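*Asks:* This is what each chain is made of:
Protein chains: 2
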Amino acid sequence: MSKYVYLFSEIDAAEEVSSRDWDRVRGLLGGKGANLADMHRQGIPVPPGFTITTEACNDFLAAGKTLPAGLWDEILSATARVEKDTEKKFGDPTRPLLISCRSGAKISMPGMMDTVLNIGLNDDVAQGMVDRTGDPRFVYDLYRRLIQMLGGVVLGVPDEMFEAVIQTRRERAGVNTDSELSAEDWHAITDKFKDVVRTYASQEFPTDPYEQLRLATESVFLSWNGKRAVDYRNAAGIAHDLGTAVNIQTMVFGNMGPASGTGVAMSRNASTGERELEGDFLLNAQGEDVVAGIRKTLPISALNDEFPELYKQFRDIAQKLEQHYRNMQDMEFTIERGKLWILQTRDGKRTAQAEVRIAADMAEEKLIDRGEAVRRVRPEQVDFFLHPQLDEVALKEHQPLATGLNVSPGAAVGVVALDADTAERWGKEGGREVIMARPETKPDDVHGMLSAQGVITQRGGRTSHAALVARQFGKPAVVGVEELEFDLEERVLRLGEEVIKEGDWISIDGTNGLIYLGKLPTVVPDLNNPYLLKILSWADAIRRLRVRTNADYPPDAERAREYGAEGIGLCRTEHMFFEQERLPIVQRMILAKSATERSEAINELLPFQRDDFEGLFRAMDGLPVVIRLLDPPLHEFMPSYDELIRDLGDLKMRLQHYHTMSEIDQALDEIRTKQDYLDRVSSLREANPMLGTRGVRLGTLIPDLTRMQVRAIAEAACRCKREGIDVHPEIMVPLTAHVNELRSQREILDAEIRAVFEEQSLEFEYKVGTMIEIPRAALTAAQMAEVAEFFSFGTNDLTQTTFGISRDDAEQGFLMSYIRSGILPSNPFDTIDRDGVGQLIDMAVRTGRQVRPDIETGICGEHGGDPASIALCHELGLSYVSCSPFRVPIARLAAAHAVLEENGS
Amino acid sequence: MSKYVYLFSEIDAAEEVSSRDWDRVRGLLGGKGANLADMHRQGIPVPPGFTITTEACNDFLAAGKTLPAGLWDEILSATARVEKDTEKKFGDPTRPLLISCRSGAKISMPGMMDTVLNIGLNDDVAQGMVDRTGDPRFVYDLYRRLIQMLGGVVLGVPDEMFEAVIQTRRERAGVNTDSELSAEDWHAITDKFKDVVRTYASQEFPTDPYEQLRLATESVFLSWNGKRAVDYRNAAGIAHDLGTAVNIQTMVFGNMGPASGTGVAMSRNASTGERELEGDFLLNAQGEDVVAGIRKTLPISALNDEFPELYKQFRDIAQKLEQHYRNMQDMEFTIERGKLWILQTRDGKRTAQAEVRIAADMAEEKLIDRGEAVRRVRPEQVDFFLHPQLDEVALKEHQPLATGLNVSPGAAVGVVALDADTAERWGKEGGREVIMARPETKPDDVHGMLSAQGVITQRGGRTSHAALVARQFGKPAVVGVEELEFDLEERVLRLGEEVIKEGDWISIDGTNGLIYLGKLPTVVPDLNNPYLLKILSWADAIRRLRVRTNADYPPDAERAREYGAEGIGLCRTEHMFFEQERLPIVQRMILAKSATERSEAINELLPFQRDDFEGLFRAMDGLPVVIRLLDPPLHEFMPSYDELIRDLGDLKMRLQHYHTMSEIDQALDEIRTKQDYLDRVSSLREANPMLGTRGVRLGTLIPDLTRMQVRAIAEAACRCKREGIDVHPEIMVPLTAHVNELRSQREILDAEIRAVFEEQSLEFEYKVGTMIEIPRAALTAAQMAEVAEFFSFGTNDLTQTTFGISRDDAEQGFLMSYIRSGILPSNPFDTIDRDGVGQLIDMAVRTGRQVRPDIETGICGEHGGDPASIALCHELGLSYVSCSPFRVPIARLAAAHAVLEENGS
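Protein chains in written order, with this note's numbering: chain A, 1 to 905; chain B, 1001 to 1905.
So that you can see chain A by itself, here it is in the shape it has in the complex:
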């Protein structure tokens, strides 16, 4: 039989405490429980108590929601031990023990599960406490809270009913806030609460403290599978079978008069990462008042003014805990009549900016090593640095409408939605950009926050629910905007004179805590955050994968190089064909009626292409530049068939309205031209263009096209080399399925390059390779490697052909339904499918290397910027990944993570 209950003090000597087992301990006792025991071990003042294990929770749930055998006895004896340690007694009016009952999963899920405080109170105990403390106001406030919480979570009484009782009492007393209510008020409220329970739940409020304890414990267990918790786990990617532990702890009271208080603090600034205590503090209050954001909190520094000794003690404890856990700590504390108690500590949630700075600082402080610093920064967090910020130029012309707390950085622009359901409907489902605005947020509001671009609230501090969740999910947020008034009848926000209707555009600056009216322009910041640069340079030293970029134009190439790209992995030459002055030439080439006419058009494109390539070689001086020969089917350069049919129909219809001969002649001319286009487009039309005449098939049918492109590359390279630029062109043949295609193209292009070498009396080194984006190319990679000096996996097309899926169609159609219903674990166009596409890449790399050991291998599909795919590329031993310029920093980090993961750190 398992041991289900551990006293905080019991872990001291237990073998589980060895760091090797720490993860198991956290799994068993939950993060909060493990930390309480750990803190106790370190001499941190923790109120005595014990933890019921996650196993107990799972066994309870598995057994149809009945307490497993032995558990209750263990709880009873642990309670007895706490009674002994505190010299108090459960249910004893003369020296009553009050306890709290809180959830505590392995991975923190703030506010998602149930909590019951002040267990142990009943009429007798309350009277005894009044007798002992002489503070009936305090006692009945505690008592009514117990009834409210137990009534709510165990008996299912809606919180609104309790709040209505208090509201009525406030009105009767003619006061605005709860703190103005008298002892008598609270006593009356307590009685009314019991009435509410009796009526609503058809049962008496349980007065036996042990009954209260049992109900609260079961309620916490049950809340593991509550809708909120399940939704949260789905969103955060937490496993559903972990279960929650339950922490039973002696109550300490922050609301026992002016020498009492309660607060929440981070050991470093959770927004910026600065090394300073940051948090909220309330005098004479219980903990949930701080988190709920109902009362305006004081900053933690205010503690120093009130209780300098305690502030120093707390600062020392914070530092000790940070040293111990080697991470920034998020701590709850209570001061009861001048004594500081730490209620819990955990790794603090933080913004991406803070994560990066804390990781870099801690590595510099030698608290962690550089690998650990790199490991801590998640790719999504680097992504944050690429999030838009409000355009500073535009900001000069806009005054902020209001100011609040800058709890989650970045800019967000959207239409105001006044509740979570609306935000979800407009945002996630409707595809609109939404800013969710709420008086404050509760766990019920998370789905709205996830659907919104950003969040604003009227109430709440840095550690409020809104702030925590927004930071975690990287949503820009401004909270505690006190001047904001919500009119949910009229569905408007008022800000002084200003009225913002639901659906109006606003812009928020989460970095500076500002709100603007209207839709402001945003800009992507540069990546010059010094801490990020530090982390990325450490990542560079760790990673084995090279990172290149997909860039078609010199400015993109330059930016990518600033972001750390080590060359171009994919230049799509066709993008240049679409430019305004070139498209007519391209169309002339396609419409050509003779080979000569066609060759003339092709040769007109040569100087354009040469200039393009020259710019790329300059930008990538000293680095490789992979240039892909023309890939898309020719009809993509022409007007669409449907469009031409429609235009022709219109032209013919209009013919009857012309009156002069010259009008008619002109119209007939136009019709003839369109008809020419239509004829050619019809002949190019394919049932399945994705599998049609494109890629190497074009170059094989029109070798002059290959010759022109290769000549442009070679001439550009010669020109650059003559200027002292170090050029490394790599010419890539796309869509190869049979080695003979590659062989025949290679002959053409080698010959053309040799011709340029002779004309220019200059040579440069170059590579010829192929895209592997057709299953057959991967299957016959050994043959391909005889001709190709490099392979670049075009994972977009390879995914399409390996799955037999047309991306254009499928992402509008069945594919999304497949992902929703779980037939596919994820979208294979986001993350490389390991079993299918990954297997082909693996085969190709292995068999290719057998033939040509130094063959260069990379990927250039969109997967090149996806961390999971990058990890797979590392595992498969590719030489590099190539991604869009903005994904380069993410790829650098993800490539380092792959190494760290491999090394098991």
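Where hints are given, some of them may not hold.
[Stated by the list, open to error] Listed next, the in silico DSSO-like pairs over lysine-lysine satisfying Cα-Cα at most 30 Å (straight line): (1) 349/A / 442/A; (2) 1593/B / 428/A; (3) 1674/B / 674/A; (4) 366/A / 534/A; (5) 674/A / 1652/B; (6) 339/A / 84/A; (7) 1652/B / 652/A; (8) 1396/B / 1519/B; (9) 652/A / 1674/B; (10) 194/A / 89/A.
[Claimed, not checked] Over the 12 Å line for every Cβ pair with chain A, so calculated as not near, a few chain B residues: (11) 1369; (12) 1428; (13) 1592; (14) 1642; (15) 1669.
These are calculated hints, taken from the structure and not from any lab test. Just so it is clear, the structure is predicted and the values come from calculations on it, not from any experiment. Don't be surprised by glycine CBs; every beta carbon is placed ideally from N, CA and C.
Model the placement of chain B on the given structure of chain A, informed by the hints.
*Replies:* Then chain B, alone, in the frame of chain A:
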């Protein structure tokens, strides 16, 4: 240094003769040379001579057309040896040796290379022979032939010039045939021929016999690379690097008076395979007169009338040779003044019918074993039995226009083309069906014959060029239709009163040697040829692959079963959806605006499908029936987008012409209906339908469709089983890419079948499997095999996705250009691509078996009827191939060949 020359008698003792080396000997000496030596060894009367090896030919060609060192000396000493054996002397007027010089490649290429006869003649020798024989007519006929042949092949004088000389002489003499010309005529012709050579080639006709020999030998070497020979090898698939040997042999003369003659005969009937001598014979003639078909030949049986002793001797020799070579022999013989000489023997060319009968007979005669009999019949020859024959019913109403020799069986229908170029232009290039008609055919005409459906000639016998080539390439042919008159000026054929213009339709019956006017209907014969049935039954005993059929309707299934199908490998259920009474229901299903409406339409299809399946189960009583769930995209059941757009445009245009309200209302109604169709078709439209919403993707999106089809299968199976029919349904899920698709469909269909089992209180065994037609399915076959009880490789789609080729587009486009230019060795839609698609099949079979050792594997693409693909399927260890009913016998044979090939027999 190689030995280049071998006397026929020299092989006797040579080690090369062991059967192990026989193939090498044939390679070295050519088929004819090896057989001459072999015949000599067996005591067959062969005129003395020697063979110059194929190595000599290759060395000659490689050395820039100069005789390799040593060769000439070897020829001289071999010639001396022949002089000794024959007691004659080269160039000696008193006892002159005349010799022939003939090509002889390893694989026979009749008439494609050069021959020179009567070498050794000059004015002195001729005079000496006249003196000795007293027959100047005979001598100058020989002499003019030498000049004609050497002048033609060595000096390039067109044969027409020589023929014109003879024609002029005939006219002057007032005679119609050459045999009426006198000695004096031939002497004058000889002199004129020398004049022609002198004028045309600007050189004297060479009078030195050794010079003649050298020129003839070189000419034979050169003819290996002549256009005719190269074309023939390309058509027949013979390697170009084999080279030809040259046979130098003492001349014997069939034209030395009434006791002389010459002929060609087969040891069995080359058309029917009957066991009887068959051939052509001419009294007092040289051999080429028989082959060229210029003189009307006598049947070989006439020899018995003229020379019964010699006929008996020849018959014995024929039998001896057949026993020796264990194959039907094609022999040339000459009778010189009552002595029989065998000039050559080789395996005889024959019709498919003859091949089958001879193979079966020889196995029954124990001359060969059954495996060898099966091996000898080529799949194309079985295909012949499926060639059309003229419809017997139609024949009752048609009188044949003419009768000729039935030299190559089968019916052909086409328009008349009067020369080979026209036949090629109309047939191969123009795609028309053509019958080539010629006075006689020559090697220059082969390209026309290959482009035609059939051939007719005015002249020629069973062994004429036309007959041999037609039989070899399976072209129906009627030759020797003497009443046919060619008017090449008017481009018409005349047959008595009847005038057939070039381009008119005619029909020919090569089986019976008949020609009909017009385009007659044809029918496919049944396969009840007893010899073929024997061969196929032996093949069945040898093969390991099972053969199933692709059949959608009960009559197809029944026919396939007659042809030997062992079950249905693919029933395409969608074919049934297109039937007239069902299509409206299918369209209603597609247009349905609610799930209920859709389900109603689906359920209306149930009884139709149930009846379909019942018929199939009945036809395949006791055998497996693989039924594929719905595969094609839904838009295939709807009018096309382009069509709807056009129709709608027309309807709207017409609207202005209506005058009554009811007309307008009706038109508006029509427009609305079309618009509904268009809306739905637009929403179903996909950029790449091949990779779109079809196959299992349909069944996943519309589970009711799967349920309906499975219920139809299950109810049909129950109904049949109740009647005592042994049902083996195998339900196949198409286009699977991920195992979860299969798993989810399997759950649905297992549940539906269980429901039917309960309703019917009856159960049957069934299998569930999947098509493997997407690369990912093959790559993850181990996962698929956990759910699938069988794999059926859909090699059409698997080829499309593995190559990234859309067949519809590519076979009109780049694919054909790829095959023409040799980038692809063959069309991967005809023969499975071993390296790519074959590798996937191999992986899937191996990994699938690791998970489920008894998994059933087969192919059901069109490759199932292609012999090369069947051999690959055998090699990869598949359980069965499935093909169209008409390919079933071919597949049975090809599957046996695969075993024989594997065993190295």
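*Asks:* Hints first: check each against the structure and report whether it holds.
*Replies:* Here is how each hint holds up against the structure:
1. Our distance criterion of 30 Å between C-alpha atoms is met by residue 349/A and residue 442/A, whose separation comes to about 17 Å.
2. Distance hint between residue 1593/B and residue 428/A is fulfilled; the C-alpha atoms sit about 26 Å from each other, no more than 30 Å.
3. The suggested pairing of residue 1674/B with residue 674/A holds, with an alpha-carbon distance near 27 Å, which does not exceed 30 Å.
4. For the hint pairing residue 366/A with residue 534/A, the CA-to-CA distance comes to about 15 Å; that is within 30 Å, so the pair holds.
5. With a C-alpha separation of about 23 Å, the suggested pairing of residue 674/A with residue 1652/B holds against the 30 Å cut-off.
6. About 20 Å separates the Cα atoms of residue 339/A and residue 84/A, which keeps this hinted pair within 30 Å; it holds.
7. Only pairs whose Cα atoms come within 30 Å are accepted, and residue 1652/B paired with residue 652/A is accepted, the gap being roughly 15 Å.
8. Our distance criterion of 30 Å between C-alpha atoms is met by residue 1396/B and residue 1519/B, whose separation comes to about 15 Å.
9. Distance check on the hinted pair: residue 652/A and residue 1674/B sit about 23 Å apart at the alpha-carbon level, within 30 Å; holds.
10. Restraint check for residue 194/A and residue 89/A: satisfied, since their Cα atoms lie roughly 24 Å apart, inside the 30 Å limit.
11. Residue 1369/B, annotated as away from the interface, keeps every beta carbon of chain A farther than 12 Å; the closest lies near 40 Å.
12. The non-interface label for residue 1428/B is consistent with chain A: the shortest C-beta to C-beta separation is roughly 23 Å, beyond 12 Å.
13. No Cβ of chain A approaches the Cβ of residue 1592/B within 12 Å, the least distance being about 18 Å, so the stated non-interface status holds.
14. Against the 12 Å criterion, residue 1642/B falls within the reach of chain A, whose nearest CB is about 8 Å from its own CB.
15. No Cβ of chain A approaches the Cβ of residue 1669/B within 12 Å, the least distance being about 23 Å, so the stated non-interface status holds.
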